[in-house]
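In order, the protein sequences belong to chains A and B.
In terms of the working numbering, the first sequence opens at residue 1 and continues consecutively.
In terms of the working numbering, the second sequence opens at residue 617 and continues consecutively.
It is worth saying that the hints were derived from the structure and are not from the lab.
You may find that some hints are simply not true.
Pairs of lysine-lysine residues, derived as DSS-like cross-links and limited to a Cα-Cα distance of at most 27 Å, are as follows [what the hints assert, rightly or not]:
#1 A/Lys397 / A/Lys494
#2 B/Lys750 / B/Lys762
#3 B/Lys946 / A/Lys231
#4 B/Lys942 / A/Lys195
#5 A/Lys397 / B/Lys798
#6 A/Lys595 / A/Lys585
#7 B/Lys946 / A/Lys195
#8 A/Lys595 / A/Lys567
#9 B/Lys798 / B/Lys624
#10 B/Lys811 / B/Lys624
#11 A/Lys585 / A/Lys567
#12 B/Lys805 / B/Lys922
The following residues of chain A were derived to be distant from chain B, with all beta-carbon distances above 12 Å [to be verified]:
#13 Pro134
#14 Asn141
#15 Leu201
#16 Ala213
#17 Thr217
#18 Val286
#19 Trp417
#20 Ile436
#21 Asp503
#22 Asp510
#23 Val590
Distance windows between CB atoms, simulated [to be verified]:
#24 A/Asp293 / B/Ala896: 23 to 33 Å
#25 A/Arg427 / B/Gly941: 47 to 57 Å
#26 B/Cys639 / A/Gly563: 33 to 43 Å
#27 B/Cys639 / A/Asp495: 36 to 46 Å
#28 A/Asp421 / B/Glu939: 25 to 35 Å
Quantities reported herein were computed from a predicted structural model and do not represent experimental measurements.
Don't be surprised by glycine CBs; every beta carbon is placed ideally from N, CA and C.
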Amino acid sequence: MPATDSAPHKNSEQLESVAIRFAGDSGDGMQLTGTKFTDETALAGNDLSTFPDFPAEIRAPAGTMAGVSGFQIHFSSRDIHTPADRPDVLIAFNPAALRANVDDVRPGGTVIINIDSFNEKALKRAGYEGDPLPDLRERYNLVEIPFTTLNREALQGLDLSSRDIDRCKNFFALGVLCWLYGRPMDATERWLAGKFKDQVLEGNIRTLRAGYAFGETTELFPTSFIVPSAKIESGTYRNITGNQALAWGLVAAGVQMDREVFLGAYPITPASDVLHEVARFRHFGVKTFQAEDEIAAVSSTIGAAFAGNLAVTVSSGPGFILKQEALGLAVMTELPLVAINVQRAGPSTGSPTKTEQGDLLAALYGRHSQSPLPIIAASTPGDCFHTALEAFRIAVKYMTPVVILSDGYIANSAEPWLIPDVDSLERTEIQFANPIDIGEFLPYSRDPETGARPWAIPGTPGLEHRIGGLTKADGSGNVSYEADNHGKMIQLRKDKIEGIAADLPPVEVDGPDSGELLVVGWGGTKGSITAACERAREQGMSVSQIHLRHLNPFPSNLGEVLGRFSKVLLPELSDGHLAMLLRSKYLVDVQMLNKIEGQPFKISELMDAITELYNR
Amino acid sequence: MAADAAVKVSRKDFVSDQDVRWCPGCGDYSILANVQRVMPELGVPRENVVFVSGIGCSSRFPYYMNTYGFHTIHGRAPAFATGIKASNPDLSVWIVTGDGDGLSIGGNHLLHTIRRNVNTQILLFNNKIYGLTKGQYSPTSDIGTKTKSTPQGAIDHPIDPISFALGCGATFIARTIDVDAKHMQQVLKRAHEHKGTAFVEILQNCPVFNDGIWDELQDRKTRAQSSLVLEHGEPLVFGPPGEKKGIAFSSGIPSVIDLADDDDPVAKGVVVHDEQAPAASYAGVLATLQRPDFPLPVGVLRAVEKPTYEDDLQAQVDSAIAERGKGDLKALLHSGDTWQI
Ligand SMILES: Cc1ncc(C[n+]2csc(CCOP(=O)(O)OP(=O)(O)O)c2C)c(N)n1
Ligand code: SF4
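The shape of chain A in the complex, shown without the other chains (with noise of 0.2 Å):
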């Protein structure tokens, strides 16, 4: 029988939301851990969001502060947009995890250690001086518990060697955060049916069990927690991160256009998921190809999309930058193919799992020339999946390539997502040239409305024909170096993206139509921004958000909504791209609020700023 059928025999007290931060060695499966018990939080109801915070280094030396990794949950009664600033309760693993965190956690919160690793040789790696578990009992609640050592015993008899017991000792760890906090183990159970078998997975089940056995009778734990479930749309969930959205997406935009997929990828941290991801769905018909670098990975994009694929390329901020040359040809030939950029930070190597928004105006202009393409940018794990579905609408549409701008910190966090109903999204036909059609094939002729050449493959006979990177001639496609015809083409290729804007949706205000402040994003802040701009509401600020999709082109009435403000907030981790864009475009007084941390939005931050900005 399932330990969690068991009734609590202890009080139960209902809290409306908490914010755990899980934290540990890389090798602890802080990870894993964290993740499992967003799983169950998300069967339970609530509304969540994550935040998984790992260094870059795969193993760096245990116990060092440089080994820390993390896993932020936030969960919550009502509708929640962030993983929280601080979190309420810490369950650190070793010494150094707590040293790296503890300050973050809520004064007066939790913190559950594993007093086992808590030796005087483990707090030196650590970097402390002396005990800090005496000054830590009068900030925080602390709670110690031998993790080691109860799994240890939970555990004896098994066929395993002390080392794979040693690894169990995270699930005997999510097993008393299941019984504090009320959450069903099945999900985990079943994982790990699934994952293991044997004596490792008596020994995984055993623990969890154990676990939260051990939370019931303790002394140590007085009380357990409920969260009642949010109220949200109704309707079929399930969670899913940034990174496996997009993957999703792009499968779902061959069923819906009836293409085969191409995806041509290099491995790069935080974008690599996304080919491990579409590498699963052979059987919908979609190819994957590791290339040799991202240049190839893009070059074989633009040769897919020319043979008539959906063509897409994912990386992360060098692999994109490697790739702007032949997207500069994909410009000129006019392909539809979509380009991912997952932003980090930067520059070079940088810190490849932290997150950054500096990648905006090398997409718009980092290609040589005039060379302009539509962007897109994706603003929570769910929502990519709709943009990798809208970028391919654009680029077949259109006859463009398309960048959508993704970041580290959606990729990699979870939130509960409303699946859509596949029968209501929105399905596009493909039109490729025929020659029955066509009398003279013109490869650079354009559709009046819309400004794009015709999609002609290979294989379809009488439309023979060349294209390349020197410059078209109008209509023909020849290779032409007249002076009226270069710049007509490139105000051809112009026209068409800006035309792009008269497709797109009105920016939406969220709050007072006009009035004292708007607060602009884009991208991935969208969470943190609406919990501040929630929280200044509800402090009686009159103030209103935009968070932008379209970055190129802007939506038409964007410069109408900024001037109906008298002022405009736009927060960015970065040193302020899209208010460069604003103040040159619209010539508003946008003021900047740049975070460059690797880090997201804490809503404090944000509140620190509208308050001000509002009260000057």
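Since the structure of chain A is provided, determine the placement of chain B with the ligands on it from the hints.
Chain B with the ligands only, in chain A's frame:
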């Protein structure tokens, strides 16, 4: 389709309406003419042929072919071709590249495309110079080559395209000469018949920036001594009547031996050419035959079978569909743990 097949296609059908703009006397002209001449004999409908090139004089090639064509960016043509071929394995994809395009900036892509055995024909025009950028030395230029960028002579050791291809695991390797129409056409046909990457080095003269580098091989009077024409199953003999010679191997080291006209070369120890030799070491020795100590081998050095990249990729798609059924989006979105609110 059937009606089309009955219409006899000729060389003219493969000539595009674009003016050819190479310098007068450039070797590229004769390569173009030979490719256009061979095309009708391959039996591939014109609409299924795609020429993909990088950047360089040679890479203008696709504009002159009345087929599908893609003039891409410097060095990357093999990667474009891989995407095209992976998307539509039915197309006949030809890559045209130069020694700079293919072996300098594009060396990485050439390596990996050959290694993957993507079923394409790679034609590398080797003029041992950068033509389009007006005459800098290239990775195949001989040591000492004086150019604008090497006024005191090139000091880096050249790479031999054939050895490179062999090192990449090429399943088909051949060499031919721009002016030898008959030979080139044979080699092109063989390259097309090969299933897998067919790598063909074409010795090409650039009369403007590197004139005469292949003179001995181009000149009919000297060609017989300076080249070794490879024929599968035939002994490695060369030279005009009265000056016949053969290639013998001793412990894998090649040497030239003199032959009388009526000698049986095999009895004298001359090696019999085996393009299908399973070990690459045989072609490896052939690749070391360089001027002036040896005649330069022309023809097919190696032709072996290996699965192609795009076939294996398609097979994975097919087997995934056979095992799991054609993908169902609704089922995917609802897979794993879900909950109702
Ligand atoms: C990214 C980039 N770098 C440099 C160039 C300039 N470039 C054009 S062709 C060429 C060399 C071509 O030499 P090769 O491949 O031997 O061809 P050939 O012109 O001799 O046929 C160079 C360096 C370019 N077009 N693009
Ligand atoms: S520069 Fe040389 S290779 Fe280029 S077209 Fe002229 S002759 Fe031919």
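We went through each hint and held it up to the structure:
At most 27 Å may separate the alpha-carbon atoms for a hinted pair to count; A/Lys397 and A/Lys494 meet this at roughly 16 Å. Proximity of B/Lys750 to B/Lys762 is assessed by CA-CA distance (about 13 Å); at most 27 Å being required, the pair is judged to hold. About 25 Å separates the Cα atoms of B/Lys946 and A/Lys231, which keeps this hinted pair within 27 Å; it holds. Between the alpha carbons of B/Lys942 and A/Lys195 the distance comes to roughly 25 Å, so the proposed pair stays at or under 27 Å and holds.
As the CA atoms of A/Lys397 and B/Lys798 are separated by approximately 48 Å, the hinted pair breaks the 27 Å bound. Straight-line distance between C-alpha atoms of A/Lys595 and A/Lys585 comes to about 23 Å, which keeps the hinted pair within the 27 Å bound. Taken as a hint, the B/Lys946 and A/Lys195 pair is honoured in the structure, with Cα atoms around 25 Å apart against an allowance of 27 Å. A distance of roughly 20 Å separates the Cα atoms of A/Lys595 and A/Lys567; the hinted pair therefore holds under the 27 Å criterion.
Among the hinted pairs, B/Lys798 with B/Lys624 is consistent with the structure: their alpha-carbon atoms are about 22 Å apart, no more than 27 Å. Of the pairs offered as hints, the one joining B/Lys811 and B/Lys624 holds, with about 25 Å between alpha carbons and a cut-off of 27 Å not exceeded. Only pairs whose Cα atoms come within 27 Å are accepted, and A/Lys585 paired with A/Lys567 is accepted, the gap being roughly 17 Å. With a CA separation close to 19 Å, the supplied pair B/Lys805 and B/Lys922 stays within the 27 Å bound.
The beta carbon of A/Pro134 is kept farther than 12 Å from every beta carbon of chain B, the shortest such distance being approximately 43 Å. Once the 12 Å rule is applied to beta carbons, A/Asn141 is consistent with being away from chain B; the minimum gap is 31 Å. For A/Leu201, the non-interface assignment is confirmed: its Cβ lies about 19 Å from the closest Cβ of chain B, beyond the 12 Å cut-off. In this structure A/Ala213 is separated from chain B by more than 12 Å, as the shortest Cβ-Cβ distance comes to about 24 Å.
Every C-beta of chain B lies more than 12 Å from that of A/Thr217, the closest at about 29 Å, which supports listing it as non-interface. Remark: the non-interface label on A/Val286 conflicts with the geometry, its nearest Cβ contact in chain B lying 8 Å away (cut-off 12 Å). With a minimum CB-CB distance of about 9 Å to chain B, A/Trp417 fails to clear the 12 Å threshold, and the non-interface call is violated. No beta-carbon of chain B is positioned within 12 Å of the beta-carbon of A/Ile436; the least distance is around 14 Å.
With a least beta-carbon separation of about 24 Å from chain B, A/Asp503 lies farther than 12 Å from that chain, consistent with its non-interface assignment. Listed as a non-interface residue, A/Asp510 keeps its Cβ farther than 12 Å from every Cβ of chain B; the least gap is roughly 23 Å. The claim that A/Val590 lies off the interface holds: its Cβ sits roughly 37 Å from the closest Cβ of chain B, which is beyond the 12 Å cut-off. Between A/Asp293 and B/Ala896 the Cβ separation comes to about 26 Å, which falls inside the hinted range of 23 to 33 Å.
The beta-carbon spacing between A/Arg427 and B/Gly941, approximately 21 Å, falls outside the hinted interval of 47 to 57 Å. A hinted range of 33 to 43 Å for the beta carbons of B/Cys639 and A/Gly563 is inconsistent with their spacing of about 60 Å. Between B/Cys639 and A/Asp495 the Cβ separation comes to about 38 Å, which falls inside the hinted range of 36 to 46 Å. In this structure, A/Asp421 and B/Glu939 meet the distance hint of 25 to 35 Å, their C-beta atoms being roughly 28 Å apart.
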